[in-house]
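> So the chains spell out like this:
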Amino acid sequence: MSNINRRTLVKGSLAAAIAGTALSRAAFADSAEPILLGVSGPLTGPNAQYGTQWKQGFDLALDEILAGGGINGRKLAYSFEDSQSDPRQSVAIAQKFISDPRIVLELGDFSSPASMAASPIYQRGGLVQFGFTNSHPDFTKGGDFMWSTSVSQADEQPLLAAYAVKKLGLKKLAVLHLNTDWGRTSRDYFNNAAKEYGAEIVVTEGYIAEERDFRSTLVRVRDANPDGLVLISYYSDGALIARQARQVGLKQVICAASSVYSPKFLELGGDAVEDVHVGTRYFPEDPRPEVQKFIAGFKKKYNGLEPDAFNAYAYDAMNMAAAVVKIGGTDRKAIRDAFTKVKDVPSVIFGAATFDVASRRVKGAMNAELVVRKGQFALWDGKPT
Amino acid sequence: MASWLDYTINGLIVGNVYALVAVGLALIFGVSRLINFAQGSIYLVGAYIGWVAVVQLHTPLPITIIFVAVVAALVGLIIERFGLRPLQNSVRIAPLLATIGISFVLDQLVMLTFSPNPRALPSQLPDVRFQLGGGTIGPLDLLIAGVGISSALSLFVFLRYSKLGWAVRAASQDRDAAMQMGVDVNRVNQAVFGIAAALGGVSGLLVGMYYNQIDTAMSLQATLKGVVAEVVGGAGNVPGAVVGSLLLGLVESYGVAVFGTSYRNLFAFLLLVVVLVLRPNGLFASARQAPPEPLTGTFIAPSRPVRIPRWALAVAVAAFAVLPLLPVSFYMLQTLINAWLLGMLALSLTLVAGTIGQVSLGHAALLAIGAYTSALLSLTLAVPVGLAIIAGGLMSAALGTILISPSFRLRGHYVSIATLAIGEIVSLVILNWESVTRGPIGISGIPPLSLFGYDLISPNSVYWFSFAVMVALALLQARLLSSHLGRSFRAIRDDDIAARAYGLSLNRYKSLAFIFGGFAAGVSGGIAAHLYSYINHETFNTQQSILALTVVILGGLGNVVGAVVGAVALVGLPEIFRIAAEYRILIYGIVLLLLVRFRPQGLLGTI
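So the sequences go chain by chain: X and A.
Position 43 of the first sequence, counted from 1, bears residue number 43 in the numbering used here, the numbering being contiguous throughout.
Position 601 of the second sequence, counted from 1, bears residue number 601 in the numbering used here, the numbering being contiguous throughout.
Accuracy of the hints is not assured; some may be wrong.
To give a feel for the contact side, a few chain A residues facing chain X, derived at Cβ under 8 Å [what the hints assert, rightly or not]:
hint, residue
1, S3
2, M111
3, G134
4, T136
5, N212
6, Q213
7, F330
8, L431
9, G439
10, R578
11, R584
12, I585
In case anyone wonders, no lab produced these hints; they're calculated from the structure.
Even for Gly, the Cβ is constructed at its ideal location relative to N, Cα and C.
Chain X with its partners taken away, still in its complex shape:
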């Protein structure tokens, strides 16, 4: 291991010199230089929207960290490399980060193919890959340098199932899910939990991410005669399904996974998402101080814009990274070990986040049961819709 590191350092600094960045080796140790994190994510290509949302969350967290005195007096910063969520590019970025001695920790990538293709490189190179949106059950199995704060679907989906079945009293469910690794995993956890709570899954339909027309799918749903629709969707497709469901005259209760939690869901869905139930990890009126700080800060920084789920994941991830670097310093191995030591980091998603060392994930996501009322997300008042 140690000889790889030495070699990487030499190569990295040579590359830096060749590239003309003109950083002297002394500069790396200079405390005036920021501590640098690498981010591999989509800024262009079909998933570009998520990369921009990450940036918003990161920047807010960094502002707060700097205002709080930085990391032991040093500034924290990130270098965002656009991968287009393409495995071919994420592996090159991984090599780039590993050979850059200034990078102490890596965040991302967004999609499973891009993230998990890069995992072996991070593992062998000894740089932590902190995948905060990687819910694929095998992501952290890539090695002891893979850590994730992505909410485990094994945690999240039973909460949604409990909301739909126990609280809303739905007995016959139609499940529509995004046919990706995330959607499939979520669907299986949801269906198992819902059945356990006594509901029947009358139809499940998986759709691809580019799908826009759901009318025929909704005829299948109607013919299965459910009393509720469950959407395991992102906000844009979730809004499309809700709109088309109402347009074709389906009046059943709709429940959606937390990934639709975004002001965009309300904007894109319009009247059709009224009364949609959403299980989320936080909500605007949440009295928890970390949530209030996050929402107020976000609105102030981005001209009144409401933060969404992906903003929150990125914000939390950056705060977690800061907490880890505070303990581990700038040594990559020490940073990995710091993930096992870090405790109760204030988190919008988890309240207080502590890693489960065995699974390298965080358990115990917060839960809030919301419903859309008058075009706003509000805490569910217990009344049936």
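The hints should help you fit chain A onto chain X, whose structure is shown.
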């Protein structure tokens, strides 16, 4: 039974939406024999211009439509004048690549101007619903149908009865003859691009309003579905495009009805392949219609390839071979590994597209077949990785050739479209055949590359391995091309009738080319699978196929060294432009356009 009525209505409604794009594509294809990959981007531009009009300027609907049509038409005219007209005397394949480059540039411009976040595009029509069967339709459905059908009808009348329409048809049948008869061909092209772009822009606006959602990813999907619908109806046939769209909508809807949502696109692309095989000129082609011109063949300007002396090639190979011993970063090695893997794919494609003239747009499917075969063999049967990769190559050669064989009787653009469809079908089968491929969950924990029991883990060893495999495949291919086989391949490309007259069996030679090409692509996919350790149905997508074709055209069709040079250029350029962050794909698109403009025969020329 009532449900069937609903499925039919829904199919017609979504077919309506496809028709708007298909009509514009058909118009352009009818005149310039060009699949305009930029049509989806104009549709995207129209949607965002519409958003500006509706949300910012609060224009009423008729003004919005006129505004969008005018701006989109202007964009179309600019594309025609600066993107395509300079290429009209160069090889026929150059404009195709130019439209791909233009679509990169337009999509990126929209993304940079409006951010990639999806936006709501509220409908400006009253929200009344009419009960129809078990569902409802709204005024927007009627408007979309009205625009689709009336534009197709008016175009039909225009082409048949107006003077400019005659000129358009004359130019499409025989450009040179039309010019001799005094038709101003440039003006005709302008008119066609203007009309098609206006239509594309308005369709983006209406579809955006229909879903109350626009985003920058909508362009490629619109192009794909539009192309399918257009070809089903008969490429270049405007009313046929409307019927093709409705048929496509119906087949998708019935597919959902019978097998479920995740099979939807499978049916769309199967329909396309079936139509192409049974009625290669589309459902409504007249028997008297002239056969489609081949894309390559006599239409490849006989360019003089750049001769690279053997010693220079040997020096280059040696230089790249010793590269890891020099102080270069792992990042650079990894980038070159990607280039070598893409190079193998490009070797495969340059053989089938350049040498034998079967321009494939579904080549990523061969990567996927090789990757899944190798990954599954090494994981479930514990086959040594080296053997598994070879097996992946063989499987790709066999399966790829069988899948592609129905399209052997097709020519020109139809081969591209059939292969595009076959590529999509393979990807959808991987998604749905869960018992074997593990569906969307993908395959994780694929063992790393190894050879004779030694793991190849360090970037150096992976680099040497992939470089050696690529060089070996390139040498083999160069040997193949200089043999009688290579001459037969080129004979088929240049004139298949003459080749047949000499007793060459077209299908046999085409199969041979695909067997060899499939092997190279499959090996590339197999290596990639072991390099990434995780693959799923999205790893090898349509963008990869388009990238491979770009590489091949850029390097020079049929040119072995050109394929490798093109791969290094197209993997390297986006990495070099990293410094430009969000702007890098825009710059990449512009560089691509400039290359096509000034080297339409490819960097190293066609062989």
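> Return the status of the interface hint for A:R578: holds when the least beta-carbon distance to chain X is below 8 Å, violated otherwise.
With Cβ-Cβ at 7 Å, under 8 Å, it holds.
> Mind checking the CB of A:L431 against every CB in chain X and telling me if the closest is under 8 Å?
Holds: closest Cβ of chain X sits about 7 Å from A:L431, inside 8 Å.
> Tell me if the interface restraint on A:G134 is satisfied: Cβ within less than 8 Å of some Cβ in chain X.
It holds, given that the least Cβ distance between A:G134 and chain X is near 7 Å, below 8 Å.
> For the restraint on A:R584, tell me whether the closest CB of chain X is nearer than 8 Å.
Result: holds, 7 Å to nearest chain X Cβ.
> A closest beta-carbon separation below 8 Å is what the hint needs, so does A:N212 meet it against chain X?
holds, 6 Å
> Tell me if the interface restraint on A:Q213 is satisfied: Cβ within less than 8 Å of some Cβ in chain X.
Check passed: Cβ of A:Q213 comes within 5 Å of chain X, closer than 8 Å.
> Holds or violated: is the Cβ of A:M111 closer than 8 Å to a Cβ in chain X?
holds, 6 Å
> Going by Cβ atoms only, is A:F330 closer than 8 Å to chain X?
For A:F330, the interface hint holds, since the closest Cβ of chain X sits about 4 Å away, which is under 8 Å.
> Verify the interface restraint on A:T136: the C-beta must sit less than 8 Å from at least one C-beta of chain X.
With Cβ-Cβ at 6 Å, under 8 Å, it holds.
> Against chain X, is A:S3 within 8 Å by beta-carbon distance?
holds, 6 Å
> Holds or violated: the hint that A:I585 contacts chain X, with Cβ atoms closer than 8 Å.
holds, 5 Å
> When the nearest CB of chain X is found for A:G439, is that gap smaller than 8 Å?
holds, 7 Å
Against the hints set out earlier in the document, no violation occurs for any number.
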